[in-house]
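Asker: Let the hints inform the model, and build the full structure from the sequences given.
Residues per chain are reported as follows:
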Amino acid sequence: MFQPKKPSTMNSHDRAMCVQGDSGLVLTTDPKPRLRWTVELHERFVDAVTQLGGPDKATPKTIMRVMGVKGLTLYHLKSHLQKFRLGKQPHKEFNDHSIKDDLQRNAASSSGMIARSMNEMQMEVQRRIHEQLEVQRHLQLRIEAQGKYMQSILEKACQTLAGENMAAGGYKGMGNQGVPDMGAMKDFGPLNFPPFQDLNIYGGDQLDLQQNMDRPSLDAFMPNNDNICLGKKRASPYSGSGKSPLIWSDELRLQDLGTAASCLGPQDDPFKSEQIQIAPPSIDRSTDLDPISDIYEAKPVLSGDGMGDKKYEASPKLERPSPRRAPLQADRMNPMINSGSVAQGRNSPYG
Amino acid sequence: MAMAIDNAFEVDFSSYSTTTTTTTTTTTDDDLACTWNDWGSPVVDWDSLSSERDEFQDLIESMMDDGTGIELARVDHETSNSVSIDTMVADEESNREDFKGLRLVHLLMAAAEALTGANKSRELARVILVRLKELVSPNDGTNMERLAAYFTEALQGLLEGSGGGHGKHFITNGPHYHRDEHHQTDVLAAFQLLQDMSPYVKFGHFTANQAILEAVAHDRRIHIVDYDIMEGIQWASLMQALVSRKDGPPAPHLRITALSRSGSGRRSIGTIQETGRRLVAFAASIGQPFSFHQYRLDSDETFRPSAVKLVRGEALVINCMLHLPHFSYRAPDSVASFLTGAKTLDPRLVTLVEEEVGPIGDGGFVGRFMDSLHHYSAVYDSLEAGFPMQGRARALVERVFLGPRIAGSLTRIYRTRGEEESCPWSEWLAAVGFKPVNISFANHCQAKLLLGLFNDGYSVEELANNRLVLGWKSRRLLSASIWTSPDSDF
Chain A
0 MFQPKKPSTM NSHDRAMCVQ GDSGLVLTTD PKPRLRWTVE LHERFVDAVT QLGGPDKATP
60 KTIMRVMGVK GLTLYHLKSH LQKFRLGKQP HKEFNDHSIK DDLQRNAASS SGMIARSMNE
120 MQMEVQRRIH EQLEVQRHLQ LRIEAQGKYM QSILEKACQT LAGENMAAGG YKGMGNQGVP
180 DMGAMKDFGP LNFPPFQDLN IYGGDQLDLQ QNMDRPSLDA FMPNNDNICL GKKRASPYSG
240 SGKSPLIWSD ELRLQDLGTA ASCLGPQDDP FKSEQIQIAP PSIDRSTDLD PISDIYEAKP
300 VLSGDGMGDK KYEASPKLER PSPRRAPLQA DRMNPMINSG SVAQGRNSPY G
Chain B
0 MAMAIDNAFE VDFSSYSTTT TTTTTTTTDD DLACTWNDWG SPVVDWDSLS SERDEFQDLI
60 ESMMDDGTGI ELARVDHETS NSVSIDTMVA DEESNREDFK GLRLVHLLMA AAEALTGANK
120 SRELARVILV RLKELVSPND GTNMERLAAY FTEALQGLLE GSGGGHGKHF ITNGPHYHRD
180 EHHQTDVLAA FQLLQDMSPY VKFGHFTANQ AILEAVAHDR RIHIVDYDIM EGIQWASLMQ
240 ALVSRKDGPP APHLRITALS RSGSGRRSIG TIQETGRRLV AFAASIGQPF SFHQYRLDSD
300 ETFRPSAVKL VRGEALVINC MLHLPHFSYR APDSVASFLT GAKTLDPRLV TLVEEEVGPI
360 GDGGFVGRFM DSLHHYSAVY DSLEAGFPMQ GRARALVERV FLGPRIAGSL TRIYRTRGEE
420 ESCPWSEWLA AVGFKPVNIS FANHCQAKLL LGLFNDGYSV EELANNRLVL GWKSRRLLSA
480 SIWTSPDSDF
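Going down the list, the sequences are from chains A and B. Just so it is clear: in the first sequence, position 3 is 2 by numbering that gives the first Met the number 0, and no numbers are missing. Just so it is clear: in the second sequence, position 393 is 392 by numbering that gives the first Met the number 0, and no numbers are missing.
If you're looking for bench data, these hints aren't it; they were derived computationally from the structure. In this text, a Cβ means the ideal position worked out from N, Cα and C, and glycines have one as well. Errors might be hidden in some of the hints.
Label-pair distances were calculated between CB atoms; the ranges are [to be verified]:
1) B/Gly432 x A/Ser110: 52 to 58 Å
2) A/Glu163 x B/Gln293: 23 to 29 Å
3) A/Glu163 x B/Glu92: 43 to 49 Å
4) A/Thr72 x B/Asp246: 15 to 21 Å
5) B/Val431 x A/Asn118: 45 to 51 Å
6) B/Asp486 x A/Ala114: 45 to 51 Å
7) B/Thr343 x A/Thr37: 42 to 48 Å
To be clear about the criterion: a stretch of chain B counts as covered by chain A if any three or more of its residues have a C-beta under 8 Å from a C-beta of chain A, and this derived list gives those stretches [what the hints assert, rightly or not]:
8) 192-206
9) 435-441
DSS-like cross-link-like pairs, simulated, lysine-lysine; straight-line CA separation at most 25 Å [said to hold, decoys possible]:
10) A/Lys56 x A/Lys69
11) B/Lys447 x B/Lys472
12) B/Lys434 x A/Lys60
13) A/Lys82 x A/Lys69
14) A/Lys82 x A/Lys60
15) A/Lys56 x B/Lys245
16) A/Lys77 x A/Lys60
17) B/Lys434 x B/Lys342
18) B/Lys342 x B/Lys308
19) B/Lys245 x B/Lys447
20) B/Lys245 x A/Lys69
21) B/Lys447 x A/Lys56
22) B/Lys434 x A/Lys56
23) A/Lys60 x B/Lys245
24) A/Lys56 x A/Lys82
25) A/Lys77 x A/Lys56
26) B/Lys132 x B/Lys119
Answerer: What follows is the structure, given as structure tokens:
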């Protein structure tokens, strides 16, 4: 963070020395203190400009207000904003006062000018990429949050259902009109959750989902397509695919439609803070090809990191989640973020 | 199948009434015009139904048969080219499909025309609907066939229920769709599937949320008045974003006031109280300071802004999600009352998501009917394109959400004969003085990324500075727009 150093303590002979002021601004110590636009500061600048509606709408004054950085003056912002705007329109040069200042500073020469406009374009491209990454990252987190919430709804309903069914002394049938193939349901005890069963059947040919996984930008991030393939047959159709998102999907389930199983499993507080990053325990369907009955067995398989299976006894009452899960979470977060950032090099999400 | 429909629409929009003509049915009723040998197939006494309009009779008859005659003609034509047998067969197949689809469209249009056109004939409509029912089923067949099944049922509902009002706040599902009968598990499963298979819900929520986040970036207290909170999932991602925001005051307090209605028969997942509890629990789990309030609308759904509890220093946001696929239609008076009242509260931001309808011509009911057909056809196609093999999953979503929506849409159109309510709410907001707020680059970018996760067929357009529209192929489906109060200097 910002270190509270006073600029005056620095050696003024040292032209190249940069100091960090109270507000975290990096100022050079030559006679005319120039603000060094660090990556962090520039990020804040970009955020502020974005909030204000883009470089054409933002003014140095509003940016200053929004950024709220002490020591940042209108002068700093004016020139930086100018450069920023130039970055967006590389051809609109040489029209402005501050450009002359810049040129003077840079020993005006035609090559200098060209270098400057290239610089602006680079800055612009970088800015765009940066923003896109931010948006990607946020989108990912937001989709996860929705997934978590959805999970709570499903689990609550499951519990309610379980309660009803037990009270009713067994499961009769849910009056699903038109949803076919309820025959499989007869094999189940009171704690089943029929529509999800059927959805198992829905996921008949899961090779389809591949086409949805082929996303250029958020390649490693496959939000909820996963959930359609409720069936247990996930591993085999995908094994030959070689697509990393599939492996990823087994490891990192954002949302687990088969939460019927978690009705059986220990799921005390679905929103414990440690679980924010990862989906709660789900059934490992990747190894078990026996479609439906396993979900409703007494021993749901907890999929850890896709490597091992953690089995534990399930009882209708809820238990505390296994503490072993905690260490995995840190691991899982990283691949997601990393692969998210790698993705930007591939295709532009602009399409 | 989609292509056939598009072609049909492009061709036919200008001439709705060419397929139906006058019939002399002044004195006919069931016994004279149609005898029913069994439930399915009427024996039609054409003479009493039609006058000397042979072309009309031919048209209807051609619709009634299986069109094999026409297919033979096609085959003949194709054999004259030197095309391989396989291609021919395949072409024939898809041609047959297209033809079938076209025929369904024509039948539907004829039924709509018969129901409301200049020369109304309930009898004719009934006959056409019977024929349609023979051809389609909501559970199997192609997209077009299932879609036609729901439209047929909706029209049937209009035919039977027409003449009776549903009251001021009609729950706009036809009599054949009893939402209450949908078990909660079905509804939940369908909702989950809907979100997984399509970006509609997330598009609406995320676009609104991003605009909200930007608008309240420097606020400590945020108050959102939500017109139709349903299950509350929109706020999960907003809370997550608030908790992790880096700029602005940390740990902003979020307050949500949710409007609740006394009516029953909601397809929603639980009650408002349950939604509130869920949100409170979720907020607690991520460390978001939060409180939840309920505003009970009385039976006439008049919104009284003075009854909303406001706190000094809070940023007020009005959230109005209208036509996400799992929502029911709300009576226009209710929406108008809400938005008018909202204006007096001087909100920082108003977020509005509504369905995007086609241009309102003077086609009357039939025109709107066809537009609605086009709309839902695009929705069906979008689901199928993403998940072609998950037919049953899609059928569930169709049954639980889209079917009732189709019925609701037709009921609304029927009641107003396609003339009123043609103004989208975004235009209404502009007209009463709300000011548009620009959609930021980040917001637009997020929408594109989101759609990219689903299918290339989706598109997002920025139709105005403050409006993003989600579409499937060439059809615009859902519009998200951002506004601020007329007096605001935001």
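Asker: Next, verify each hint and record whether it holds.
Answerer: Verification of the hints:
no., hint, result
1, B/Gly432 x A/Ser110: 52 to 58 Å, "holds, 54 Å"
2, A/Glu163 x B/Gln293: 23 to 29 Å, "holds, 26 Å"
3, A/Glu163 x B/Glu92: 43 to 49 Å, "holds, 48 Å"
4, A/Thr72 x B/Asp246: 15 to 21 Å, "holds, 20 Å"
5, B/Val431 x A/Asn118: 45 to 51 Å, "holds, 48 Å"
6, B/Asp486 x A/Ala114: 45 to 51 Å, "holds, 49 Å"
7, B/Thr343 x A/Thr37: 42 to 48 Å, "holds, 46 Å"
8, 192-206, "holds (count 7)"
9, 435-441, "holds (count 4)"
10, A/Lys56 x A/Lys69, "holds, 22 Å"
11, B/Lys447 x B/Lys472, "holds, 14 Å"
12, B/Lys434 x A/Lys60, "holds, 23 Å"
13, A/Lys82 x A/Lys69, "holds, 21 Å"
14, A/Lys82 x A/Lys60, "holds, 16 Å"
15, A/Lys56 x B/Lys245, "holds, 22 Å"
16, A/Lys77 x A/Lys60, "holds, 9 Å"
17, B/Lys434 x B/Lys342, "holds, 11 Å"
18, B/Lys342 x B/Lys308, "holds, 15 Å"
19, B/Lys245 x B/Lys447, "holds, 24 Å"
20, B/Lys245 x A/Lys69, "holds, 17 Å"
21, B/Lys447 x A/Lys56, "holds, 23 Å"
22, B/Lys434 x A/Lys56, "holds, 16 Å"
23, A/Lys60 x B/Lys245, "holds, 21 Å"
24, A/Lys56 x A/Lys82, "holds, 15 Å"
25, A/Lys77 x A/Lys56, "holds, 13 Å"
26, B/Lys132 x B/Lys119, "holds, 20 Å"
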